[in-house]
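Read off the chains here:
2 protein chains.
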Amino acid sequence: MRRFVLIGQTAAASGEFSLEDLPSSSGRLDALLRALRSALLVSHDVRRDVCVYLVLRGGPRAPRLLRIDGSRAKFLRPDERSLAILIKKSLDAALPHVRELSEVRPGIDLCEGDLPDLLASLGDEPRYILEEGAADLRGQSLAQDAWFFLGDHQGFDAASRAQLAARGALPLSVGPRSLHAEDVVAVVNNELDRTFNAAAR
Amino acid sequence: MRRFVLIGQTAAASGEFSLEDLPSSSGRLDALLRALRSALLVSHDVRRDVCVYLVLRGGPRAPRLLRIDGSRAKFLRPDERSLAILIKKSLDAALPHVRELSEVRPGIDLCEGDLPDLLASLGDEPRYILEEGAADLRGQSLAQDAWFFLGDHQGFDAASRAQLAARGALPLSVGPRSLHAEDVVAVVNNELDRTFNAAAR
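In order, the protein sequences belong to chains X and H.
The numbering used here puts the first residue of the first sequence at 5, with every later residue one more than the last.
The numbering used here puts the first residue of the second sequence at 5, with every later residue one more than the last.
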């Protein structure tokens, strides 16, 4: 299982945002939604071997963790508005304050918590932190069963970076330019597709 | 100059579409908008060395060609709705029926025409057609000053493929999976970034 963890420093942890002004009203949740598409959707199909975690640190009910599991998710459409509606409904689900991920829509799980809670649940799978200036992922011996951590437009905060380092996350980059998270995810997926070919389909 | 040409078989050539139901009402212009973002935008910046051409074959006023020139474009925001509004306004511009690209917004040019009109204007720059199953772009000697042609979710129609072949377009693929156009663009940009590094910034 490939796992992408997208950390939204200000991204809305509740459904209290407007579809007509997503970037401002959702604390840039839009950037995470685009990375979610890039992680999970291919041409006319869903990547069943990919899970996406959103770390939502903005607004009411923050922090929360939301997981979209490609093996169980349904009704995923590529356009940003459809994804925003799906995530808005998921965040609006009448869920008690739980610390364990609980399904709120098909393949979408939600709970209270932040990065340290997620890190505490990790097994011994390799973990990578995607950052500009780090070693090039190309030529690395990447694992398919791994965790890839990405920041939003603000990058990583110092505390998150320290928590990831303490858990042995290896910094990697995707090349010479600083890219949007969704393009970083596309390049990582492509590198893994090339390495493991269609074996995991 | 890197040039990405996105062929929208059904994509709206006029501004007569709804922001509330972009995929259906615009003939999947949304897929082209996402590829446009991927082609032109990097973290906190615009790629000044990239031009994007949309070939719009759907609805009233089709076919039309729309060009977004990274060296002149302003007010490009990454979220799909903002891009849709910008393109809608551009397509709604009170432009006479002209056969030459004419600026309708800063860095956005529009005219009547289809793929053959665009192909007739090409110089001797290399041209590539991105298609699944073709030779891998990795390891090819790619040019920076080149044309990259992509289809939408329907791929290429037979006539377009023949027109491109007649102009010597070389088929290339980006790996073993069939990806959305925006992810293909991200991988092509990454390959060119790696080849030409930051020289063109």
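Be aware that a few hints might be false.
Chain copies aren't distinguished; within one or between two, either way the pair holds.
Stated by the list, open to error - Keeping only pairs whose Cα atoms sit at most 25 Å apart, straight-line, the calculated SDA-like set for lysine to any residue is:
1) K78 with D161
2) K92 with R81
3) K78 with H157
4) K92 with A163
5) K92 with A162
6) K78 with Q158
7) K93 with F79
If you are wondering where the hints come from, they were derived from the structure by calculation, not from laboratory data.
Structure-based check of all given hints:
1. Taking identical chains as interchangeable, the C-alpha atoms of K78 and D161 are never at most 25 Å apart, the minima being 33 Å within one chain and 30 Å between chains.
2. Taking the shortest alpha-carbon separations for K92 and R81, both the intra-copy value of 14 Å and the inter-copy value of 22 Å come in at or below 25 Å.
3. In this assembly of identical chains, K78 and H157 lie within 25 Å of each other by CA distance solely across copies; the values are 19 Å between and 28 Å within a copy.
4. Taking CA atoms no more than 25 Å apart as the test, K92 paired with A163 passes in neither setting, with 28 Å inside one copy and 42 Å between copies.
5. Proximity of K92 to A162 under the C-alpha cut-off of 25 Å is found in neither arrangement, the shortest distances being 29 Å within a copy and 41 Å between copies.
6. Taking the shortest alpha-carbon separations for K78 and Q158, only the inter-copy value of 22 Å comes in at or below 25 Å, while the best intra-copy value is 30 Å.
7. For the homomeric pair K93 and F79, the shortest alpha-carbon distance inside one copy (13 Å) is at most 25 Å, but the shortest distance between copies (31 Å) is not.
Figure legend: structure checked against the earlier numbered hints; hints not met, in rising order: 1, 4, 5.
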